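Protein chains in written order, with the numbering used here: chain E, 1131 to 1417; chain R, 17 to 274.
Check each hint, because a few of them may be wrong.
Pair by pair, the computed Cβ-Cβ distance ranges are [what the hints assert, rightly or not]: (1) R/A88 to E/G1175: 31 to 37 Å; (2) E/E1365 to R/L114: 37 to 43 Å; (3) R/G57 to E/L1195: 49 to 55 Å; (4) R/L259 to E/E1170: 36 to 42 Å; (5) R/R105 to E/L1195: 42 to 48 Å; (6) E/G1363 to R/A49: 41 to 47 Å.
Bear in mind the hints are in silico, worked out from the structure with no lab data behind them.
As the structure is a prediction and not an experimental result, all values here were calculated from the model.
The C-beta atom is built at its ideal place from N, Cα and C for all residues, glycine as well.
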Amino acid sequence: MRDRRGFDGFLAWTAGPGTLYLALLFLAPMLLVAVFSVLEPTPGGGVHAALTLANYGRALDPLYLAVLGRSARLALITTALSLALAYPTAWAIRAAAPSRRGLLLALVIVPSWMNLLIKNYAWIVILRRQGVLNTLLLGVGVIDQPLPLLFTTPAVLVGLVHTYLPFMVLPLYVALDRMDWSLVEAARDLGAGPAQVFRRVVLPQTLASAAVGCTLVLVPALGAFVTPDLLGGPESLMVGTLIENQLLQVRNWPFASALSVLLMVVVLGVLAVVRRLAGGHALSEAL
Amino acid sequence: MRAGWGARATLWAVLAFLYAPVLVLVLYSFNDARFSASWEGFTLEWYRRLLTSPETGAALRTTMVVSLSSTALATVLGTLLALGLHLRRFPGRALVELLLFLPVVAPDIVMGVALLAFYVAIHLPLGRGSIVLAHVSFQIPFVALIVRARLQNFPREVLEAARDLGADEARTLRYVLLPILWPGIVAGALIALALSVDDFVITYFTAGAGASTLPIRIYSMVKRGVTPDINALSTLLLAATLLLILAALRLQRRERET
Chain E
1131 MRDRRGFDGF
1141 LAWTAGPGTL
1151 YLALLFLAPM
1161 LLVAVFSVLE
1171 PTPGGGVHAA
1181 LTLANYGRAL
1191 DPLYLAVLGR
1201 SARLALITTA
1211 LSLALAYPTA
1221 WAIRAAAPSR
1231 RGLLLALVIV
1241 PSWMNLLIKN
1251 YAWIVILRRQ
1261 GVLNTLLLGV
1271 GVIDQPLPLL
1281 FTTPAVLVGL
1291 VHTYLPFMVL
1301 PLYVALDRMD
1311 WSLVEAARDL
1321 GAGPAQVFRR
1331 VVLPQTLASA
1341 AVGCTLVLVP
1351 ALGAFVTPDL
1361 LGGPESLMVG
1371 TLIENQLLQV
1381 RNWPFASALS
1391 VLLMVVVLGV
1401 LAVVRRLAGG
1411 HALSEAL
Chain R
17 MRAGWGARAT
27 LWAVLAFLYA
37 PVLVLVLYSF
47 NDARFSASWE
57 GFTLEWYRRL
67 LTSPETGAAL
77 RTTMVVSLSS
87 TALATVLGTL
97 LALGLHLRRF
107 PGRALVELLL
117 FLPVVAPDIV
127 MGVALLAFYV
137 AIHLPLGRGS
147 IVLAHVSFQI
157 PFVALIVRAR
167 LQNFPREVLE
177 AARDLGADEA
187 RTLRYVLLPI
197 LWPGIVAGAL
207 IALALSVDDF
217 VITYFTAGAG
227 ASTLPIRIYS
237 MVKRGVTPDI
247 NALSTLLLAA
257 TLLLILAALR
267 LQRRERET
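Work out the full structure: start from the sequences and follow the hints.
Laid out in structure tokens, this is it:
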């Protein structure tokens, strides 16, 4: 048995460097942002060594509060839509022949590995005025003017759901796979219709995984930048695009930092809530 | 267990929804039409223009240098971290686990802001180096998690047998653990590489004016206007990262079977 009271050389040289790296290049920068969020800005970027809560106050300004509210709303809609689509999808995969399930699951997962920029750009190609969809609709004669589909909030939603839907399918599939199917049979034998079977039997047993799936969609959707930036218009501004704008264009670092802190706090809050509901084990498995 | 036609229809609709945009993109990268979306014939012109474009060439070189360097560093640090976490119980272990968990859940935009602020605060010049440092910070947790998952399936008896035979820690590590862990380490490295090649937001914030990676190049091109070259570049990048991930999966599956 090794003497644990002394300095553990092995540990220092294995876990040490990585931990040190993360402390320096992840933790320290995050703490710096928290510090910046309570300092005063200097014009053109940079900070004064003067403490203030004005940046957080500014975030509560109706103009910016609307952006925060919209981010929450769009992220929640994305999560709800993903959930609504993922349950039947996972169900259909589970119902397929065992030899095909792996393939179907892989088909759903593979798009999640595709570059986010590329996926969103593909929607630009489809939705723009001279894009695929409009050209198709014009050609068939359904419309005689191209529809302004791009740079709208629905376009952002389409992009968000497209990006995050696969993350919802896998946890639901795993849960359906582990479910006690005899209960479903029993419910059906007792005369329960599909809605009742779902509500009374399936939902309770898959709730934890559904919560995990919702986290995997909600958290990234809240902080989305690329999708609202490429597919959205001025009225679809989200927290991510606002932060980028404030940091790189307006160069108001403390405000951008305050917004980042708020976003991070909300993300951690969501995770804490889900951990309580679903259990930490399910969450770390998913990650 | 049966699935109603509604569930099956949803499955196919979802698959169509997920793949259609990308397939359209790939298809149109061969379309001989500069502005319109009507099909005007097959061409490799956009690929030719892409491969002869100096900015794209520079972005490709930067991406390779940055991603390979960051992956190498992250794989070493992440693997060692996983080993230390798995083989030792030490005070503060929970904090280290938290430190691994946070970069995975932190939104890219927050990490981008944090790293940029940090770099400016320590007067670090922005360029390839600043990108590499940034990438490593989000790659380490992924490598560590993948290697640790492999470690957890590792039979302890082998380690004990090595110790009984007189091997000290270093020898055990080198001759027993590493060879068996190797496929897991490579899989972790490939995933880290794919993450680095694909990264946009964090890279965008930490690259500075001079350095440009492929995703940054795509973003600038998209912002300037839709041209078919973007379709070609996207198709190539997509193919490359998918190959990386498939290779990583094949490695993980093979080691699961051993």
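(message) Looking only at beta-carbon atoms, does the pair E/G1363, R/A49 fall within the given range of 41 to 47 Å?
(response) Between E/G1363 and R/A49, where Cβ atoms are some 26 Å apart, the hint is violated.
(request) Using the beta carbons of R/R105 and E/L1195, state whether their distance is inside 42 to 48 Å or not. (result) Check passed, 47 Å falls within 42 to 48 Å.
(request) Mind checking the hinted window 31 to 37 Å against the Cβ distance between R/A88 and E/G1175? (result) With Cβ atoms ~33 Å apart, the hint holds.
(request) Determine whether the Cβ-Cβ distance between R/G57 and E/L1195 falls within the hinted range of 49 to 55 Å. (result) holds, 52 Å
(message) Between the beta carbons of E/E1365 and R/L114, is the distance compatible with 37 to 43 Å?
(response) holds, 38 Å
(request) Mind checking the hinted window 36 to 42 Å against the Cβ distance between R/L259 and E/E1170? (result) Cβ of R/L259 to Cβ of E/E1170: about 50 Å, so the range 36 to 42 Å is violated.
Taken one by one, the earlier hints fail for this structure at numbers 4 and 6, listed in ascending order.
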